[in-house]
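A.B. asks: Listed in order, the protein sequences are those of chains A and B. Position 282 (the first sequence) corresponds to 286 in the working numbering; numbering is contiguous. Position 169 (the second sequence) corresponds to 301 in the working numbering; numbering is contiguous.
Be a bit skeptical, because a hint or two may be false.
[Claimed, not checked] Computed list of lysine to aspartate or glutamate pairs in EDC-like fashion (alpha-carbon distance at most 20 Å, straight line):
hint	chain 1	residue 1	chain 2	residue 2
1	A	149	B	239
2	A	154	B	239
3	B	264	A	22
4	A	360	B	227
5	A	35	A	22
6	A	154	B	300
7	A	13	A	70
8	B	296	B	232
9	A	226	B	239
10	A	154	B	238
11	B	287	B	233
12	B	287	B	201
13	A	360	B	239
14	A	324	B	219
Simulated from the structure, these hints should not be mistaken for lab results.
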Amino acid sequence: MAEGTPLLKVTIDNITVEVPAGTTILNAARKIGGDVAPPAMCYYSKLEGSGGKCRTCLVEVSKGSEKDPRPMPKLVASCRTTVMDGMEVKNITSSKVIDARQGVVEFLLINHPLDCPICDQAGECDLQDLSYEHGKEASRYEFEKRTFHKINLGDKIQLHMTRCILCYRCVFAAEQLTQQREHGVLDRGEHAEIATYIEKNLQHDFIGNVIDVCPVGALTDKTFRFKNRVWFTKPVDAHRNCTKCCGEVRLWMRGDEVFRVTARRDEWGEVKEASNGKTGWICNECRFDKKHVSDWVIEKPTHINRHSVISQGHYEKLQKPQEFLPDLMHREPRLIMDIHNVSEVNRTNIDLSEIKGPAHSTDFNK
Amino acid sequence: MQTLTNRAKLVERKPLSFIEKAYLWNILKGLIITFSHIFKKKPTIQYPEVKRPFSPVFRGLHVLNRDEEGRERCTACGLCAVACPAEAITMEAAERLPGEEHLYREEKYAARYEINMLRCIFCGLCEEACPKDAVYLSETFAGANFNRESFVFGKENLLIPNPKTDPEGYAKAKGIN
Numbered sequence: 005m006a007e008g009t010p011l012l013k014v015t016i017d018n019i020t021v022e023v024p025a026g027t028t029i030l031n032a033a034r035k036i037g038g039d040v041a042p043p044a045m046c047y048y049s050k051l052e053g054s055g056g057k058c059r060t061c062l063v064e065v066s067k068g069s070e071k072d073p074r075p076m077p078k079l080v081a082s083c084r085t086t087v088m089d090g091m092e093v094k095n096i097t098s099s100k101v102i103d104a105r106q107g108v109v110e111f112l113l114i115n116h117p118l119d120c121p122i123c124d125q126a127g128e129c130d131l132q133d134l135s136y137e138h139g140k141e142a143s144r145y146e147f148e149k150r151t152f153h154k155i156n157l158g159d160k161i162q163l164h165m166t167r168c169i170l171c172y173r174c175v176f177a178a179e180q181l182t183q184q185r186e187h188g189v190l191d192r193g194e195h196a197e198i199a200t201y202i203e204k205n206l207q208h209d210f211i212g213n214v215i216d217v218c219p220v221g222a223l224t225d226k227t228f229r230f231k232n233r234v235w236f237t238k239p240v241d242a243h244r245n246c247t248k249c250c251g252e253v254r255l256w257m258r259g260d261e262v263f264r265v266t267a268r269r270d271e272w273g274e275v276k277e278a279s280n281g282k283t284g285w286i287c288n289e290c291r292f293d294k295k296h297v298s299d300w301v302i303e304k305p306t307h308i309n310r311h312s313v314i315s316q317g318h319y320e321k322l323q324k325p326q327e328f329l330p331d332l333m334h335r336e337p338r339l340i341m342d343i344h345n346v347s348e349v350n351r352t353n354i355d356l357s358e359i360k361g362p363a364h365s366t367d368f369n370k
Numbered sequence: 133m134q135t136l137t138n139r140a141k142l143v144e145r146k147p148l149s150f151i152e153k154a155y156l157w158n159i160l161k162g163l164i165i166t167f168s169h170i171f172k173k174k175p176t177i178q179y180p181e182v183k184r185p186f187s188p189v190f191r192g193l194h195v196l197n198r199d200e201e202g203r204e205r206c207t208a209c210g211l212c213a214v215a216c217p218a219e220a221i222t223m224e225a226a227e228r229l230p231g232e233e234h235l236y237r238e239e240k241y242a243a244r245y246e247i248n249m250l251r252c253i254f255c256g257l258c259e260e261a262c263p264k265d266a267v268y269l270s271e272t273f274a275g276a277n278f279n280r281e282s283f284v285f286g287k288e289n290l291l292i293p294n295p296k297t298d299p300e301g302y303a304k305a306k307g308i309n
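With the rest of the complex left out, here is chain A (with noise of 0.2 Å):
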């Protein structure tokens, strides 16, 4: 931005922020916060050229501008309007906007396999958290959904393309993060797919990112694979010293094993930056590699926000209760019965961490 730049006056749902020009009418309501910033599926701020293909962001423009006050005749894309000085935007407070919403939703779940008990992605999909808020409760799609065989990207990341909502998130973090992009969409309209040509491996350092900034379950971490559901596990900040990246990451753990390594997320689902004012996007070897609580130093409980399923454990503000009975009793309470001597669940030997990809029958019938 130039010096001296004028900034320009917006009202979206009657709230009026100031922002430079250039910016466009999402990161506006974005400053804003709360209900008023538009949901996005395709839109990644950190991404360059994202946006624009999902149309969850559709917003009204009820006057354009001061200088030309008539609104505009259509809804449009909020990610890819900029904004003009005087513009009356409505977002949830137009009924023509919430009705498009639930199209749209309709829309992008007319492929989706809504495989939610299988996904890996559940509890923190950002499909999921569009439909339950924005969606209708049926569907009016009748025919076959389009379905395709998994795919392995690499032994490291697992493809779904039958989940793919098409939002080329992943096709922009790996040419922008990688700069060797072997993977694209390939064919188009219905028949259109995020694919690699003859399924070429993905080797360069930063490719698992593609797994963060998928919206959906259609990339996913093949080492957590199964593992144990989002909301089961605890989410924790921690960091390492990485020579490839920065090295501030997010744990996903149970008990004392490290399930799934990801990046730290802000409140808009994508990556945060990190202490170096940089993205904090994380490398391969801390996402894949780095299972061990020795290879990292926690620092605190990460904030989930309340209205997450992952919050579930409440983690963050856990408090545990003084243990009062060997002060009154003057020796430990008797263990009438030991639970892990009995369950077959979480047992000693099968380290669920330590195996590569999911686990099979054969690591259970040990």
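Starting from the structure of chain A, add chain B where the hints point.
C.D. replies: Only chain B this time, still in chain A's reference frame:
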């Protein structure tokens, strides 16, 4: 004192009359009631041989269901465990290997599934949460035992018999006679 309602009754503490003092008449009255019950219909049932019908909404021990081809329906999504107010349910998931398609319905399944019946309060929220029709509360009582260890039910206790290999057991578990 003004009473709040008109239903309050004062306790009468009159001295006993002669008949009441003699007790005999009252004992006789009691015996008439007792012996009259001999000729009435008995409400007692001989439990293990005769069983009372359950109410259709009765919630008893859990059953892990199979589909019509005998494959386990549970996909270890964890919704029952997160819905459980008593935190009685735990599970560990595994990926289905090629060749195990006849055992498990989905690509993910519960390799371990445990319900701690000591914790369970039989509220039926797991049944309501299940998106795969996999867990049901049956019309069976929780058993009685002297040791606590036998109340941690694993998959071997919970799974319904396979309708393909053990149709009789399956029909019995379903209550089809």
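A.B. asks: Identify every previously stated hint that the structure contradicts and give their numbers, smallest first.
C.D. replies: 3 and 6
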